[in-house]
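Going down the list, the sequences are from chains U and G. Numbering that gives the first Met the number 0 applies: residue 0 is where the first sequence begins, and numbers increase by one. Numbering that gives the first Met the number 0 applies: residue 0 is where the second sequence begins, and numbers increase by one.
If you're looking for bench data, these hints aren't it; they were derived computationally from the structure. Fair warning: there could be bad hints in the mix.
Unchecked claim - Simulated restraints on C-beta separations:
| no. | chain 1 | residue 1 | chain 2 | residue 2 | range |
| --- | --- | --- | --- | --- | --- |
| 1 | U | K297 | G | C18 | 47 to 57 Å |
| 2 | U | G64 | G | Y163 | 20 to 30 Å |
| 3 | U | M175 | G | T152 | 34 to 44 Å |
| 4 | U | S298 | G | M81 | 54 to 64 Å |
Stated by the list, open to error - Derived DSSO-like pairs (lysine-lysine); straight-line CA-CA distance at most 27 Å:
| no. | chain 1 | residue 1 | chain 2 | residue 2 |
| --- | --- | --- | --- | --- |
| 5 | G | K181 | G | K216 |
| 6 | G | K141 | U | K21 |
| 7 | G | K129 | U | K6 |
| 8 | U | K230 | U | K321 |
| 9 | U | K6 | G | K141 |
| 10 | G | K216 | G | K241 |
| 11 | G | K231 | G | K177 |
| 12 | G | K129 | U | K21 |
| 13 | U | K270 | U | K344 |
| 14 | G | K141 | G | K216 |
Stated by the list, open to error - Not everything, but these chain U residues come out facing chain G in the computed CB check (under 10 Å):
| no. | residue |
| --- | --- |
| 15 | Y40 |
| 16 | E53 |
| 17 | G57 |
| 18 | L83 |
For each residue, glycine too, the CB sits at the ideal point set by N, CA and C.
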Amino acid sequence: MSKVLIKGNEAVIRGALLAGCKNFFGYPITPASEIAEAAAYYFPLLGGTFLQAESEIGAINMVYGAASYSTRCMTASSSPGISLKMEGISYLAGAELPCVIIDVMRGGPGLGNIAPEQSDYNQIVKGGGHGNYRLITLAPNSAQEMCDLTMLAFELSDKYRNPAVVLADGIIGQMMEPVEFPEPVQVIPERPWAVRGTRDSHNLVCSIQLDPDLLEKHNLHLQAKYAEMAKNEIRYEAIRCDDAEHIFIGYGIVSRILHSVVETLRAEGIKAGLFRPLTLFPFPTPQFDAFAKDPNIKSLFVCELSAGQMVDDVRLAVNGRKPVGLHTRMGGNVPTVKEIIEKFKESR
Amino acid sequence: MSEAMKAADYKSELKPIWCPGCGDFGFLNAMLKAMEELQLQPENTALCSGIGCSSRLPGYIKAYSFNGIHGRVLPFATGVKMSRPETTVIAVGGDGDGYSIGAGHIGHAARKNIDITYVVLDNNIYGLTKGQASPTTPLGVKTKTTYYGNMGTTLNPVRMLIAYKASFVARTFSGDPKHVQKMLVEAIQHPGFSFIEVLSPCVTFRGSDQFKLIREKVVYLDDDRDLSDEVKAFDIANDEDKLTLGVIYKQIRPTYGDVIRHNVIERARAASNGTPDIDALLKQFQP
Ligand SMILES: Cc1ncc(C[n+]2csc(CCOP(=O)(O)OP(=O)(O)O)c2C)c(N)n1
Ligand code: SF4
Ligand SMILES: [Mg+2]
Numbered sequence: 000m001s002k003v004l005i006k007g008n009e010a011v012i013r014g015a016l017l018a019g020c021k022n023f024f025g026y027p028i029t030p031a032s033e034i035a036e037a038a039a040y041y042f043p044l045l046g047g048t049f050l051q052a053e054s055e056i057g058a059i060n061m062v063y064g065a066a067s068y069s070t071r072c073m074t075a076s077s078s079p080g081i082s083l084k085m086e087g088i089s090y091l092a093g094a095e096l097p098c099v100i101i102d103v104m105r106g107g108p109g110l111g112n113i114a115p116e117q118s119d120y121n122q123i124v125k126g127g128g129h130g131n132y133r134l135i136t137l138a139p140n141s142a143q144e145m146c147d148l149t150m151l152a153f154e155l156s157d158k159y160r161n162p163a164v165v166l167a168d169g170i171i172g173q174m175m176e177p178v179e180f181p182e183p184v185q186v187i188p189e190r191p192w193a194v195r196g197t198r199d200s201h202n203l204v205c206s207i208q209l210d211p212d213l214l215e216k217h218n219l220h221l222q223a224k225y226a227e228m229a230k231n232e233i234r235y236e237a238i239r240c241d242d243a244e245h246i247f248i249g250y251g252i253v254s255r256i257l258h259s260v261v262e263t264l265r266a267e268g269i270k271a272g273l274f275r276p277l278t279l280f281p282f283p284t285p286q287f288d289a290f291a292k293d294p295n296i297k298s299l300f301v302c303e304l305s306a307g308q309m310v311d312d313v314r315l316a317v318n319g320r321k322p323v324g325l326h327t328r329m330g331g332n333v334p335t336v337k338e339i340i341e342k343f344k345e346s347r
Numbered sequence: 000m001s002e003a004m005k006a007a008d009y010k011s012e013l014k015p016i017w018c019p020g021c022g023d024f025g026f027l028n029a030m031l032k033a034m035e036e037l038q039l040q041p042e043n044t045a046l047c048s049g050i051g052c053s054s055r056l057p058g059y060i061k062a063y064s065f066n067g068i069h070g071r072v073l074p075f076a077t078g079v080k081m082s083r084p085e086t087t088v089i090a091v092g093g094d095g096d097g098y099s100i101g102a103g104h105i106g107h108a109a110r111k112n113i114d115i116t117y118v119v120l121d122n123n124i125y126g127l128t129k130g131q132a133s134p135t136t137p138l139g140v141k142t143k144t145t146y147y148g149n150m151g152t153t154l155n156p157v158r159m160l161i162a163y164k165a166s167f168v169a170r171t172f173s174g175d176p177k178h179v180q181k182m183l184v185e186a187i188q189h190p191g192f193s194f195i196e197v198l199s200p201c202v203t204f205r206g207s208d209q210f211k212l213i214r215e216k217v218v219y220l221d222d223d224r225d226l227s228d229e230v231k232a233f234d235i236a237n238d239e240d241k242l243t244l245g246v247i248y249k250q251i252r253p254t255y256g257d258v259i260r261h262n263v264i265e266r267a268r269a270a271s272n273g274t275p276d277i278d279a280l281l282k283q284f285q286p
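In isolation and in its complexed conformation, chain U is listed as follows:
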């Protein structure tokens, strides 16, 4: 198949269509607007619907409705808009509805700016809404992965009846790269639980459980489901980690910079490796546990476009067994290879 030069944000929509997504509900916001704009163009052409909602709250509730009624559906936004969707996301998770949410992160807090940040990690991975819920969270680092991980998000979301998020940053969304599109998904799983009028059954989709015992039971069921995801769905990329003494950790655009960091250090004779989580939830905790136990490994070094959010999960997994360094940039600034190497060397 030939490659197409395309923006990451547009690749999301091509991927969604290949995954059989039928409905897109969105609201403009920079740097995610091209996703809605591409949806406005492609979805109706292929028999689906695109609707610009009155707000992000409108959009996520349209997703709630469409998901209850059993179609593959999605929404996309950027950080402030995602904050606004949080109530709906908690309900979707509570009601166990599959849907895909794309977050092209920008600088915060508040209106912040439209430059890239990764400071939505906590609100997506830890649950920005209320209640004990988790979101399957995938972190692309190229336009190709904007397509591929969107498709995977649909698959996992259906498999676990759980919302799935593609957590990208402003650069990955805006960048143009060649993308090779895979074959369309042929079989979309049945959804016997969905609200559909049948003569002999009554399905109710809801997230309310008034009885404390029943709500606890529901929560335990959700937790068991999340444990199942942690067992089966961890995905990551490890580059030159086999003989590495220093593991660099980052996701999204940062992982591409870290790749250059690793190559530069290797050229200097320093045994560096890159570890890039593709799933932020489930987090690759067992892999970090293995790093912590590996006598060859001297240190880990995390780089993030936030005050340091993912690093908490790394530190929990490493649990003090190895030094974990950290370099962060905020406000839309992106670190250079040189800067990261300096910080790494200072930390040693």
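Chain U is already provided as a structure; the job is to place chain G with the ligands on it using the hints.
Quick look at chain G with the ligands alone, frame taken from chain U:
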């Protein structure tokens, strides 16, 4: 009393970054003149906005200036007014900000008759996010999110505000800054919730012929009628072949602040003789 303020004195140190020719310039100039005419004191004036090109306005004017959350300018302005009733509160935003994401707030500020002025700079498009449809984008128009032509019926904001019982409803056009100034002065002086729909073209995403197209449809109203006649006001709003400018509806009724002050605060003050005793007060107010 200090020297009279001139329009230019109200300009802030920030230079507008609107596109050349943007309708919002005309509004800004009219606003500065209205402030001069009313001799608004910057330390007693709050300018609040949401997010959008139009919502940049408070940055360009010397006053208490707030740039808030997209769509939430009315609750924000309500908070300012309730906490500091002596302040002149003016809320500004775009058609996306006000009629789409923030639409749910309008009815409540209007029906409670919160004593603020709400100005919407309506350009029939989302300007700041580069050209997506808004609730006032005309039917059939192609935008970045209405690739096959806008499909929803166009919102008529004036009709909506009359229906919500806003106590002052006017329409004006930033291509006629003198008229904008006149409407602003009346709206700010109006005791209660005053609303001004300002036709303010986005030359970049709706085209520079917008000024001409609006001018062709403009008709000026005089005040020579019963302004509180709701049926007449609806008639004016419903005539969508014309763009009628002027005060379309006006009704004087107590503001929310008046009601609280009159029904509770003043009575409580009188009853408490300067030394409030909560139990005694509660007895007074028991039904
Ligand atoms: C919660 C949230 N969603 C979306 C945005 C992105 N956004 C900023 S301004 C705007 C709309 C601007 O349109 P309008 O209010 O008509 O103002 P204009 O720029 O046309 O003056 C949008 C969607 C945002 N800032 N916050
Ligand atoms: S984009 Fe449109 S509304 Fe925004 S400044 Fe430019 S002309 Fe004005
Ligand atoms: Mg607008």
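Hints versus structure:
1. K297(U) / C18(G): 47 to 57 Å: Check passed, 55 Å falls within 47 to 57 Å.
2. G64(U) / Y163(G): 20 to 30 Å: At roughly 27 Å between Cβ atoms, Y163(G) and G64(U) fall inside 20 to 30 Å, so the hint holds.
3. M175(U) / T152(G): 34 to 44 Å: At 37 Å between Cβs, range holds.
4. S298(U) / M81(G): 54 to 64 Å: holds (55 Å)
5. K181(G) / K216(G): holds (20 Å)
6. K141(G) / K21(U): holds (22 Å)
7. K129(G) / K6(U): holds (17 Å)
8. K230(U) / K321(U): holds (24 Å)
9. K6(U) / K141(G): Holds: K6(U) and K141(G) sit about 22 Å apart, inside 27 Å.
10. K216(G) / K241(G): Roughly 5 Å between the alpha carbons, so the hint for K216(G) and K241(G) holds.
11. K231(G) / K177(G): holds (25 Å)
12. K129(G) / K21(U): holds (26 Å)
13. K270(U) / K344(U): At roughly 13 Å apart (the allowed maximum being 27 Å), K344(U) and K270(U) satisfy the hint.
14. K141(G) / K216(G): holds (22 Å)
15. Y40: holds (5 Å)
16. E53: Holds, because the Cβ-Cβ distance from E53(U) to chain G comes to roughly 5 Å (cut-off 10 Å).
17. G57: G57(U) check passes; min Cβ-Cβ to chain G is 8 Å, inside 10 Å.
18. L83: holds (9 Å)
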